[in-house]
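Below, each chain spelled out in residue letters.
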Amino acid sequence: QVQLQESGPGLVRPSGTLSLTCAVSGGSIRSYNWWIWVRQPPGKGLEWIGEIHHSGGTNYSPSLKSRVTMSVDKSKNQFFLKLNSVTAADTAVYYCARAIVGATTGYFDYWGQGALVIVSS
Amino acid sequence: QSVLTQPPSVSAAPGQKVTISCSGSSSNIGNNYVSWYQHLPGTAPRLLIYDNNGRPSGIPDRFSGAKSGTSATLAITGLQTGDEADYYCATWDSSLSTGVFGGGTRLTVL
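Chains as they are written, first to last, in the numbering used here: chain C, 13 to 133; chain B, -9 to 100.
Bear in mind the hints are in silico, worked out from the structure with no lab data behind them. Just so we're clear, the structure is a prediction, and the values are computed from it rather than from any experiment. Note that beta-carbon positions come from the ideal geometry of N, C-alpha and C, so glycine has one too. Keep in mind that the hints are not guaranteed to be accurate.
Some chain C residues close to chain B (C-beta under 10 Å, calculated; not the full set) [claimed, not checked]:
#: 1; residue: Leu16
#: 2; residue: Ser19
#: 3; residue: Leu23
#: 4; residue: Val24
#: 5; residue: Gly28
#: 6; residue: Tyr44
#: 7; residue: Lys56
#: 8; residue: Glu59
#: 9; residue: Glu63
#: 10; residue: Tyr72
#: 11; residue: Phe92
#: 12; residue: Val113
#: 13; residue: Asp121
#: 14; residue: Trp123
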């Protein structure tokens, strides 16, 4: 059973950088192609942030592309999210998940519990 | 503003059936598979349906999915109070080259 766990600072100052780690257990990060980040601002729906391949390839949401960086550390079975120049609008619960991706298919079968990040001074 | 449109809320009585629609376009639903998620705030979203109508192991057959053209539908039969949650559709958008979620639908079991 694959498990994912997000971790990182729960409070980030405006204009700072949000940094989160997703630790994968119960399976190798190399065994599945893609891993994603999703967020949910308070009172709003789920928003796809981007995805990273275990080789390091990435796809980002156009609305966040200029501020997002994702990376992976296969030796630690972890992948990471960095979002810079944050504002209060980036306050959200951030989720990591495993993506099963094919030519026309893509779904997210294992999720972390989520990490609340508040952007405030 | 999501590219996938869902009704904000639906409701039905216990034991009844409810359907949740997800409307998109040829760049997303029309040419890609749809998945559905159940989400209780503060918990991990749960995959209910993949590839339009596939059901992961452990998901009751009360949950079913369908797709026609640029729209998809999640149906839940034999409603239970435990089904009260937010439901999201998702797919890939080939024009945006990004994953997309619907705006979510809050299900109330009266």
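Violated hints - listed by number, lowest first: Result: hints 2, 3, 4, 5, 6 and 11 break, sorted rising.
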